[in-house]
Amino acid sequence: MDLILVNIIDGLVTGLLLFMLSAGLTLIFSMMGVLNFAHASFYMLGAYFAYQISIALGFWMGLLLAPLIVGVLGAGVERYGLRRVHQYGHVPELIFTFGLALLIEELVQFIWGKNQMAYFVPDALNFSAFAIAGNSIPAYKIFMIFISIAIFIGLLYILTRTRVGMIIQAALSYPRTVEALGHNVPLIFMGVFGVGTALAGVAGVIAGPVLGTFPGMAFVLGSIVFVTIVIGGLGSLWGALVASLLIGWITTFAKSYNIEMADILNGIGIGTPENLDESLFRDFWTITSPQIADILPYILMVLILIFRPSGLFGKRHS
Amino acid sequence: MTDQITTDPTKPSERMRAGSMTLSLGPWIVAAVLLAVLPFIFTNNSSITIMNQMWITVIFALAYNMLLGQGGMLSFGHAVYAGVGGFACMHIMNASDFFAALPLPVLPVFGGLFGMGLAMIVGSFSTRSAGTVFAMISLGVGELIAACSVIIVAFFGGEEGVSGDRTYARPFFGTEFLQQIEVYYLISAWVLIAAALMYLWSRTPVGRMANAVRDNPERAEFLGYSARWVRFYSFVASGFFAGIAGGLFAINYEILTEENLNTTSSGVILLVTFLGGVGFFFGPIIGAIAFTLLQTVLSLQTELWAFYAGTLFVATVMFFPGGLAGLMMMHVPVFKLGKARLLILPYLKTLLPALIGILGLSALVEMVFHVRHAAYGDDEMTLFWTTFNSHDILPWVVALGVTAIALGITRANAPALRDAWNEANTAGGSA
Amino acid sequence: MKNITKLGVVSALSLIVGASASFAETIKIAFIDPLSGPFASTGANGLHQFEFASDYMVNQKGGVLGGDTFEVVGFDNKISPKESLIQLQVAIDQGIRYIVQGNSSGVANALTEAIDKHNRRNPDSRVLFLNYAAVDPALTNEKCNFWHFRFDANADIKMDALTDVIVADENIKKVYIIGQDYSFGKAVSDAANKMLGEKRDDIEVVGDELHPIGKVKDFTPYARKIVASGADAVITGNWGADMLGLGKAIIDNGFEGPIYTYYAAGSGMTAAFGESGKGRIRLISQGSINPIGSEEARATYEAFEAKYPDGNIDQSRIFNVIGMLATAIEEAGTADDVVAVASKLEGMEYDSMWGGKLFMRPQDHQLIQDMHVGVHTDENIDFDYDQSGFGIVNESTIEMASMDSPTTCEMKRPE
Amino acid sequence: MSTPALELSGLKKSFGKAEIIRGIDLSIGKSERHAVIGPNGAGKSTLFNLITARFQPTAGTVKLHGEDLIGLEPYQINRKGLSRSFQITNIFPKMTVFENVRCALLWSQGYKYSFWNLVNRSRDLTEGAEAILEQINLTERRNLPAGTLSYAEQRALEIGITIAGGADVIMLDEPTAGMSHSETDYITDLIMKVTEGKTLIMVEHDMGVVFGLADRISVLVYGEIIATGKPEEVRGDPKVQEAYLGAALEAEH
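First to last, the sequence lines map onto chains D, G, W and B.
Just so we're aligned: 177 in numbering that gives the first Met the number 0 is position 178 of the first sequence, and the numbers increase by one with no gaps anywhere.
Just so we're aligned: 338 in numbering that gives the first Met the number 0 is position 339 of the second sequence, and the numbers increase by one with no gaps anywhere.
Just so we're aligned: 414 in numbering that gives the first Met the number 0 is position 415 of the third sequence, and the numbers increase by one with no gaps anywhere.
Just so we're aligned: 221 in numbering that gives the first Met the number 0 is position 222 of the fourth sequence, and the numbers increase by one with no gaps anywhere.
I should point out that these hints are in silico values taken from the structure, not numbers from a laboratory.
Hints are not guaranteed to be accurate.
Output of the computed footprint for chain B on chain G, the stretches with three or more beta carbons under 8 Å from beta carbons of chain B [to be verified]:
#1 197 to 203
#2 206 to 213
#3 217 to 224
#4 227 to 241
Ranges of calculated distance between the beta carbons of each label pair, as one might list FRET restraints [what the hints assert, rightly or not]:
#5 D207(W) x D122(D): 32 to 40 Å
#6 A411(G) x G388(W): 50 to 58 Å
#7 L199(G) x K93(B): 17 to 25 Å
#8 T271(D) x L199(G): 48 to 56 Å
#9 E178(D) x N136(B): 33 to 41 Å
#10 I157(D) x E274(W): 39 to 47 Å
#11 S179(B) x F319(G): 37 to 45 Å
#12 G332(W) x F280(D): 50 to 58 Å
#13 G407(G) x T326(W): 31 to 39 Å
#14 R199(W) x W59(D): 44 to 52 Å
#15 I54(D) x E378(W): 20 to 28 Å
#16 T385(G) x G65(W): 30 to 38 Å
All figures in this text were calculated on a predicted structure; none of them were measured in a lab.
We treat Cβ as the ideally placed atom computed from N, Cα and C, and that holds for glycine.
With the hints as constraints, model all of the structure from the sequences given.
Quick look at the structure:
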């Protein structure tokens, strides 16, 4: 029972971290129709910038400055790269971000080398907040939860309560009309892209010390962010939140409890073959849930796309 | 936009009519002769190994372009069809009795059939719509099967993969395929066959409709064709040819591993195809050749090869969305108008300095990299056959100067090139 | 259009061919390992150590065979078996007769099979495969061949040594085994179960599981299970980001016991563990760095540090590879006849500067050597890793580990 | 009397709360040229889209030669012999004019999803496509990408594609929208020519075209048909006059 509570907290941390990435991605998608493959690369840049800044000015300045730099970079990418490719259509756009992801990874290796960076949790947060049955919950995790919830509330507030948010929401659905009303839609696009990537940057800054800062960190996370927003429904902020938490909890619980395929199959009435070792399906029978925990989101996505192509909260049919 | 019509409309019409009735054999004969002759020019085994890899990639990229270029379907998980076909071939290689009765050149057909079978299963649900949904399903399925490769050890052999020995096949006219060169000719023959079949496919009713569905699925539906089934057939055919590529991979390397299935391979084939150009049948061929050279030859010269490849790729998407093939085909109207000569001098004046400028830039990149990452005290570096001290001022001044001057000349001459280009194109007025 | 492209191919290919002119007085060694991509740091560090070792141990001492020098040529295999086979072919064409490789048993498997086939099919250009780090036991058991020599201890030998240390610790009653879901992770798990059972049946294995390799973003749930299981020690074969992620998660989430592991030092990992891993991470290795094995080794390490201030000698066996190869070539009197060289390597006894004796077992070409279990700490460190002040201090030594371990290898020697 | 070519009964369509089509009954005989007219927003295009399964109706049936069309996919409807054009030009812009027409011929000539036939080997296809190009006067544009044609030419091509499959019921959605006078005359003649002996249903704004072409006319206002009959009957119908005048007045505001 205690472990369940611990798992819920851990899943929440994973989910909220994922949400910070998917929130930006889904905003960018609903606005410009671009699935930004390089989104996780901005997450990585956030971690590296923060590491670099933290050496000189400490963690907190990193938290403040790194997302800003990432956001400016993101806006620059939109302005000088994506806008140019936009005229060729969506597939080249997607391919452009795909190439950009590769390029950023190479650039990071060029600048910082290929090793893990020694980027640590700040001393102020490097203690155990509390413990449940011997499982300590680091204070840093609580900090992560607070930061992401604050960002979600802030985002929701801006989108629904401010003038800028209204314009953005209108531009989501009727870009032409908004442009006709005299708003600078390209500027809004650039701004949204910048903010979206800055959010990814924040995620990188706070995840870097826990999940490691290395050139492969974007690749590990890259496609899962995609999966999240597809499950949640492209363009839906709430969908992104629900899907992120769902994925956070599913993967956490699947790793925490060893459920074997044989048990499930026996449970639904399929008997274990007698000489399992010689059966072609032997590996299938011995699959355990931790083994497949991290591919469960993909299974979920494929199922959702088959049965509900617009995702859990999606309205648009792409 | 309406006035851009070729000078004499009757001429191309005649040409097309003639072309439409007879399949022009010229390029195919040239390709066949080249394939046959190349090993006499590059006699060493490594060139042959690299060419084998190239031709396998050619088949795979052409198969991929059946989806992306001809069908408008963006797949992020196409490696699995080649991979599964390859794994199936490896298992056939290891089924000694059956394999001993089978001539090796037939083996790729089985790879094709398995790739096709998998494509039928996946296609049955993934081709319902194109666009994002298709792309995401392909990503998901690709990840799943790649993940299976380490879980389902019985078929995929885990991390070590599955290996076999091609020489246990039934000798084919006395050939046991011991040597690379024999394998080379086997692969070359398959490249011709597969490329020809894929080319012909694009001329069949379902191949034509693939284009139609790509451009306008709704209109195609109102012509009696189900967009979904048209996509399905393209997908299955693409899976078949990808499987053939997988089978050839099995023959050439005699081992298949997880890397044949993973998302990196799927991503690479997307890069290859797009780099070559999706708009033309021969685009992927060029892409496969260029990328294989980048990967195997450039990586011998510099560890930064992936950085250059990435830059090249992004630049292609940004400036030449038609890829290398598009770049070449841009010149066809110029040649038709007989004005190619107008371009030679401006090209020399612009591209030569541009090339020097780019080389200068890459030299700077290499020098920065050397200063930053080379061993302490190891100041010497060799670049373009020159050895120098990367911590001296002089090489930096030279590199910077050359780059700046070269790029400056390029910039100065670019307007002249633009004018010449317009001039070369305007007479006929066609775009 | 096609012709023009093909012309490009022609010129590009002739470049490689041109570059392949070899010199009689250098003995080239092809280093086929990742130099780009996610594992590039390990590969690049290995290449530096090889280059340094051949220069320092051979060339500066007058070379072999009266003046022939060693040259290590790096080939980037991008940790892909396919690329490795291409680069192998390129290396062979350049007249290289010695292949060294170590990262990934998958690549090693592909290479050893390809080299076996190549040597059978092309008796004129045979090559030797000097494996310095791939530890899949199969390579010296069912998949062994005459051309393959392993200078690292295999996974079973390492586990044998690790479990010797574990069973000696009376406080350890419960053990949790976790690893990556592939051949090596499974081999570690099997070996740990078997050997713990044999050596001390009161030790309970409270968990034994595999996780997807290279895919896990957050190891916290695994750490929770480990804590909840009440384990006193963790055994893992993880490497790279999976090792760091797992190790950090276990330590951060309240696990108090030691972590016994194979690969948790150097390549930035020591620095990344830093203070948090102090006294917790125990590592199996050969060759003792702290305290250093010999004065010769100290001089070598200092020379290496002078050249590569941010590099580590985290694979001291690389020096053994070069040393033993030089000796074998010297004894055989030729570098071209690899069968003669291989015959000298078989059964060779060699005194390593890192301490202890080395013995290349002729039955399976597995090097038998002293194994050390060290601890990650910042005390008593002569040579740290990653300039972090932290390093590995030797705690226990198992001499000539698994000298009599069985092998299923049936070595076929060329006539 | 034989079964009508197209028969609608009780057809309704709502989008959310808004009822766009409010119960339409209409029967169109074989070889009849039928025009649907009505003010903007009357639901003409929606009606078209209901018939051709672009939208699913809320209630009612659509019968083609007595066969129910509801629930069928567009391609199945097309195979039963109903072909349509679109209000916004809907061709294959990247393919050549010739290819456009040839694609339209493939299904009706029985090629289906075949991959063992080569399209350029088939004399029937080539000749069939050329005959249609001849009919729509685009022979000279044969090898140009369809997207580069002038607007009127693209409309002509669209009509060509629509009739190519040999469907006996042709539906044209505003074939002359946005055209100059001379272009309109040209298209009207073309429609006359190519729909000879076929059932034609068209939505049209240009009254000249409608009264010149149609055998019968239906007037659709706010989702209901308020009059159906011969052109002169409809012209004189007071309800029609009122609807048109009223709508025209409203539009002026």
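Each hint, compared with the structure:
1. 197 to 203: It holds, with 4 qualifying residues against the three required.
2. 206 to 213: holds (count 5)
3. 217 to 224: holds (count 8)
4. 227 to 241: Contact hint for the region 227 to 241 of chain G vs chain B: holds, 4 residues under 8 Å.
5. D207(W) x D122(D): 32 to 40 Å: holds (36 Å)
6. A411(G) x G388(W): 50 to 58 Å: holds (55 Å)
7. L199(G) x K93(B): 17 to 25 Å: holds (21 Å)
8. T271(D) x L199(G): 48 to 56 Å: holds (50 Å)
9. E178(D) x N136(B): 33 to 41 Å: holds (39 Å)
10. I157(D) x E274(W): 39 to 47 Å: holds (40 Å)
11. S179(B) x F319(G): 37 to 45 Å: Taking Cβ atoms as reference, S179(B) and F319(G) lie about 39 Å apart, which means the hint holds.
12. G332(W) x F280(D): 50 to 58 Å: holds (57 Å)
13. G407(G) x T326(W): 31 to 39 Å: Once the Cβ atoms are compared, 58 Å apart, the range 31 to 39 Å for T326(W) and G407(G) is violated.
14. R199(W) x W59(D): 44 to 52 Å: holds (49 Å)
15. I54(D) x E378(W): 20 to 28 Å: 25 Å Cβ-Cβ, so the 20 to 28 Å window holds.
16. T385(G) x G65(W): 30 to 38 Å: holds (33 Å)
Of the hints listed earlier, the one the structure fails to meet is number 13.
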